[in-house]
Amino acid sequence: MTTLEIPHVGRFDVQVWESGSGEPLLYLHGYERHPGGAGFLRRLAEDRRVLAPEQPGYGRSTGVESFTDVLDVALFYRELVESWGVDGIDVVGHSLGGMFAAELAVVAPHLVRKLVLVNAFGLWLEEQPAPDPFGAADEVKAAKWHGEAPKSEPTNFEPDPDDPHAAILFAAQNLGSATKFMWPIADRGLRRRLPLIDAPTLVVHGTSDGLLPLAYAEEFVRLIPDARLAPIERAGHYPMVEREDEFVTAVTDFLKG
Amino acid sequence: MKFHWFAEATYPELPATYPQRHPSAGVDVPASLVDSQRAGEMYRMFIRLMQQADRLGWDGLAVNEHHQTTFAMTPSPNLLAASLASSTENAALLVIGNSLALYNPPLRVAEEMAYLDCLSGGRLIAGFVFGTPMDTAFAYGVPPSELRERFHEARELITRAWTEPEPFSFNGRYNQLRYVNVLPRPVQARPPIWVPGTGSVETWDLVLDEDYCYGYLSFFGLANARPIVRGFWDRVEQRGLEPNPNRMAFTQLVCVADTDAEAERLYGDAVRYFFTRQRAPLHFANPPGYTSRASQREVLERAKGVSTEDRLRATRGELSFWEYDELGFIVAGTPERVRQRLRELAVELRVGQLITCMHMGDLAEDVAAMNNELFGTGVAPYLRDLWASYDDPWTPPASRQQVAAAAPRVPAHSVHAHSTAIPSPLGGDT
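In order, the protein sequence lines correspond to chains P and D. Quick note: the first sequence uses this note's numbering, first residue 1, plus one each step. Quick note: the second sequence uses this note's numbering, first residue 1, plus one each step.
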């Protein structure tokens, strides 16, 4: 557990999953949950130091009530990265974590070296309204995956034999925290700031994502000055799970290049 | 005990196939189902029924706020209350309530409620509500995770706007105002405030800290309320406060008729209509972040007074009229039976403020008017003595005094005896 006291913002106790050594990489997880030590994270950690904090308000990470808006989140991650004593870091942000990663690249251009956005929220396209990511559970589940949903989705949830309600409360708390930035529409003004991003950016997108049509990824590419698209076919909202090899290759090639 | 007249303004001409075709009574209901002329007729009917209730001695006339739903078509209760403020004499105007987080800035609430208090001569009860998930998160797009914080900030701002003598500045997270100076102020410096809840300890502590009246506003009767209301009174006791029944309000559907068989004949269809047209799919009813983790755990762990199966049967219309009655979802029958059932309920729950739902579903106006008449003359007068020894700072002094002077009394020839046995349904017909 990492504790951060940010003056005039608040106190945060944050769970950080960490593995590997070498060049640092910050991974920001998606709107549903932290993926725990998922296969793709372990593989990314084979030749670099991966730091994957759990977003405040998710699981055991605290402090979400101190966030007034998404700028506070960006400042929080800036402090967190600086607390690790690194002078630059590559950032991979998935889903809601993509929105935060892009905001971080805007407010901390000196810290963010390369940026990878994966099926990122943060934009709204009037001509292609994205469906409600908090909609009926069976509809959301069907929308998220290209193929059959996996038996278990990557998670850092640890069942508690003494608490039969732990899983329900875990999921509700995580999604509840996401509503701060995604309800009713996952647009907190990022469009106006994307043109300020200096970092070379790769926009990875599972093309069958029923929550975010490909046009959203194309819009990120259009708005970020130095960005290119890496579509991943036969993958939905979680390309790192449905197409782990392609995902890891695309990300590592971009970060090494 | 005090009585507050209430009805959900349920649209009356939804097709018989409605419950099957439209899984939700809110948010995305097809607008084509609602005829605006018919809605207008419905509003005029409710105003007439509440004017009648005022003449019959109800202590309060309750109006509520819901959005984008055919179950309760009252998006602004303040508008309905304004119609009543100028056309009724005695009863309190129980605005229960305004969904504070939806008004930006919430000074709108402070102003409109002050207007109502002035227009009615100090008869306002100010209800502050969180609002249902469908009202707040869906119809008005408030992030569920911000709802409570917005509510509390608004509550503080409104209360200060009513009571601070000088203009003041307010620098909140959601509201910034340089000059707060509401005009006019309410007749009652701070009107009585009621806050409904669904059983969370946080809301119990709020109402006890602030001396608000707590409302457990469910349509599922005594058995369902029992564990929650017990929890509330335990909390009152733990905190060393007076267990004054007047700090608790409770809703009950009531169907009075000359005989029990007549009650079933007159109200049966409307009761079924009411319960089968209020469904909401889970993702509308329980969006993430709407309920705190602690409250959610309480809900999961609390013993259920009414089984989920019985609730589902009620909303699928699978209960008979007397099963609805037996489960306590309605209290039906002759005036004698109804007053005994209500006395039992009020004593067990320690309820001093009974919100009586006298119209339900697509009930015809003449039946609702008869319900009012029978209740106002044959039920309420027999129950007014209950809790009479307790103070009631949760109703306006003006309505207390005026209703006490004007309400119908128990007829002098009536024998004032309460048998302990409750007549069984249909028992009084022969």
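Derived from the structure by calculation, the hints contain no laboratory data. These figures come from a predicted structure and were not determined experimentally. Even glycine gets a Cβ: it sits at the ideal position worked out from N, Cα and C. A hint or two may mislead.
So the derived list for chain P, only partly shown, Cβ under 10 angstroms to chain D, looks like this [as the list claims (entries may be wrong)]: (1) 57; (2) 80; (3) 83; (4) 86; (5) 132; (6) 134; (7) 136; (8) 137; (9) 140; (10) 143; (11) 159; (12) 160; (13) 169; (14) 172; (15) 180; (16) 185.
Structure-based check of each hint:
1. Taking 10 angstroms as the C-beta contact cut-off toward chain D, the hint placing residue 57/P at the interface holds, the least distance being around 8 angstroms.
2. For the restraint placing residue 80/P at the interface with chain D, the shortest Cβ-Cβ distance is roughly 21 angstroms, beyond the 10 angstroms limit, so the hint is violated.
3. For residue 83/P, the suggested interface contact is broken, since its CB lies about 26 angstroms from the closest CB of chain D, more than 10 angstroms.
4. Because the smallest distance between the Cβ of residue 86/P and any Cβ of chain D comes to about 31 angstroms, over 10 angstroms, the interface hint for this residue is violated.
5. Annotation: interface hint on residue 132/P holds; nearest CB of chain D at approximately 8 angstroms, less than 10 angstroms.
6. Checking residue 134/P against chain D by beta carbon gives a least distance of about 6 angstroms; that is within 10 angstroms, so the hint holds.
7. Given hint, residue 136/P at the interface with chain D, holds; its Cβ is 5 angstroms from that chain's nearest Cβ, closer than 10 angstroms.
8. Below 10 angstroms, beta-carbon pairs count as interface contacts, and residue 137/P has one with chain D at about 7 angstroms; its hint therefore holds.
9. Interface restraint check for residue 140/P: the shortest CB-CB distance to chain D comes to about 9 angstroms, inside 10 angstroms, so the restraint holds.
10. Because the closest C-beta pair between residue 143/P and chain D is about 13 angstroms apart, greater than 10 angstroms, the hint is violated.
11. Taking 10 angstroms as the C-beta cut-off, the interface hint given for residue 159/P is violated, the closest approach to chain D being about 16 angstroms.
12. Interface hint at residue 160/P: violated, since its Cβ lies 12 angstroms from the closest Cβ of chain D, which is beyond the 10 angstroms cut-off.
13. With its C-beta approaching chain D no nearer than about 6 angstroms, residue 169/P sits inside the 10 angstroms limit, and its interface hint holds.
14. With 10 angstroms as the threshold, the beta carbon of residue 172/P comes within range of chain D, its nearest partner Cβ sitting at about 5 angstroms, so the hint holds.
15. Of the supplied interface hints, the one on residue 180/P holds, with its beta-carbon coming within about 5 angstroms of a beta-carbon of chain D, less than 10 angstroms.
16. Interface hint at residue 185/P: satisfied, since its Cβ lies 8 angstroms from the closest Cβ of chain D, which is below the 10 angstroms cut-off.
Checked against the numbered hints above, the structure violates hints 2, 3, 4, 10, 11, 12; every other hint is satisfied.
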